[in-house]
Structure formats: C-alpha cells, structure tokens
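Protein chains in written order, with this note's numbering: chain B, 1 to 146; chain G, 1001 to 1160.
These aren't lab readings, by the way, just hints derived from the structure by calculation.
C-beta atoms are modelled at their ideal positions from N, C-alpha and C, and glycine is treated no differently.
Any given hint could turn out to be false.
[What the hints assert, rightly or not] Restraint ranges, calculated between C-beta atoms of paired labels, are given here: (1) K49(B) / Q1086(G): 18 to 26 Å; (2) G1134(G) / A50(B): 30 to 38 Å; (3) P1091(G) / A80(B): 26 to 34 Å.
[What the hints assert, rightly or not] SDA-like cross-link-like pairs, simulated, lysine to any residue; straight-line CA separation at most 25 Å: (4) K1132(G) / D98(B); (5) K115(B) / T1146(G); (6) K31(B) / E1131(G).
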Amino acid sequence: MKTLAMAVLLACLGTPAGYTQETPDSDATSKLVAMEHMWSQAFVLKDSKALEKILDDAFVNVESDGKVITKADVLAEIRASAVLQVVTESMLVRVHGDTAIVTGVVLIKGVERGKPFAQRERFVDTWIYKNGQWVTIAGLITPIGQ
Amino acid sequence: MKKTGLMLIMMCAFSLSASTQEGSEGGAATVIRALEREWVVAQSRNDNRALDLIFDDSLVYVEYGNLVSKGDYLLRIKSAGPQLSQIVMEPMTVRTFGSTAIVVGTYSERDVQNRKPRLRRWRFIDTWVYEKGGWKLVAAAAAPLTESRTTAPVQSAGRP
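Working from the sequences, and respecting the hints, build out all of it.
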C-alpha cells in the first residue's frame, strides 16, 4: 500500500494539475511546458542570455495594451521590468508537427512605482522546432474577461 | 475575436492588407491573406461550412481573454442572429516560417452599448499551419489597443 501511495504521489508530481497534454507527442509537450517555465524564470530573473535562446530572432509579442514588441525590445526592456513573480495557473499544449501552440493563464505579480500589483492574464504562444530545438516566434497576452 | 460580432464588413479595408509581405514567402502570404478574407466573409454570412474548412479542429481561439474551442465558436455562429457590430480590418503583416505562418494586424470594432456608440480597436495574432495540402488556422487571439502605453498596468515584455 505504501508503495502504491508513493507511485501515485510520484505520478501526480510528474503531471502538475492544470497542464493538459492534448497530443500523443508527449515528449514535445513536456519540452514545451518546460520551455514556458524557463521563459517565465528567465523573465523574472532578467536573464537575457536565456531569453536569447528561447526567443527566435523574428519573435513578436502583442502586449496586453495591444502594442507589438520584438525580441530586441524584450531584451532592451527586461532590466526595467517590474515583474517579480509569474505563476502559471494552467497550460494547454497543442502540437502540429514542427509547430506548437501553448495557451494558458498566468498570475503576474510585481511592484511598480512602489505599489504591488497582481494581474491575471491569458497567453497564447506559437513555437516552432528549429535547428533541433523549440523556439517561440510569436505570443500574445491579454487580460482575462475584458 | 476580430470576426465574432460582425454584420457589416468594410471590404475596402482589405486593399490595405496587401501592403506588407515577406520577401521570398510572397506566395504563401498571398494565400493566407485570402484565407483571412474568406474567414471574415464566411463569418458575415454565418457560413459554418466554410469556417469548418478554414479552422483546424484543435483551434485555440482567445476572445475577450477567454479560451473558446472550434466547436463553441461554430455553435455560436450557427445560432447567431442579426448582429449590430461593424468590423473594419486594417493592414496586416504575414510572416512565414516554413509550414507555419504568423499574421499580425489590427481592426476596429464599432457597436452600441447602452444605446451609445462604442469604438474599440484590437491587435490580433493568427497562426496558420500548412498541413494535408492546405493552410489551417490553429490559433487566433486579440488584445485591446489602448491609446497610450502608460495606460497599461503591466508590460510583460513578451513573457506571459
């Protein structure tokens, strides 16, 4: 019984709640989930080097105010980011060969002009498999239930 | 989202959309622009059959910050009555990456809320994938455009 309980626990740990795998290509799905987490971590830690690898050179992102930013913008602005924590609440991965769509909900927390904020947003990211690794080419983030 | 509430479509706006193309990817970009037009026309006619062909079965569609499935989307179009909003498409860019294409553009939406006319502008990103001999829409999402960047509470700088 103890062994079974441990096995169930390990299985649960391996598949975090809220992460839906919609594709038989579970290897790609788990890689993409990991890449999304790396991206969040790199953003919070202001790790330009990691972002360089995650974002394709042609990357564009639509921000929650509708502004389009490029990879160069991300790298230039990362130092001034007010975000301290990104909590991924759910994630859905859909793989189409060498293309993948990842969508989910994140809670973004930080401090801006001395005031703490917490904002829940929905994101949609497009990834492509290029030169042996997944890189993101586009993203959009928007407030939930406008 | 850009096509959910339209009754009247300003087709003239489409002429603007041909203004930007990726150099060597012009052929695919032209096809994708045509599909974007088809989508708008099909929606305006509540033509679910055409929409079914344009959308991939696993379409990820985000409207007003909510995730909508292809089934839900088509069901709503099927049951939609006369609608009062007006969508005007603005210039869009198409970038292709092999069998993947990204379309970025804007549109304005005019409707009436509490008997008052309302104008909202949106920026959208659509993702198309070439599969089984044709391009299919696999993801679409839009964010409201605000007048000034300072009005946005948080800049995510590309990170969800």
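Now the hints, each set against the structure:
1. K49(B) / Q1086(G): 18 to 26 Å: Violated - the Cβ-Cβ distance for K49(B) and Q1086(G), about 47 Å, lies outside 18 to 26 Å.
2. G1134(G) / A50(B): 30 to 38 Å: holds (37 Å)
3. P1091(G) / A80(B): 26 to 34 Å: Between P1091(G) and A80(B), where Cβ atoms are some 30 Å apart, the hint holds.
4. K1132(G) / D98(B): holds (14 Å)
5. K115(B) / T1146(G): Holds: K115(B) and T1146(G) sit about 22 Å apart, inside 25 Å.
6. K31(B) / E1131(G): holds (22 Å)
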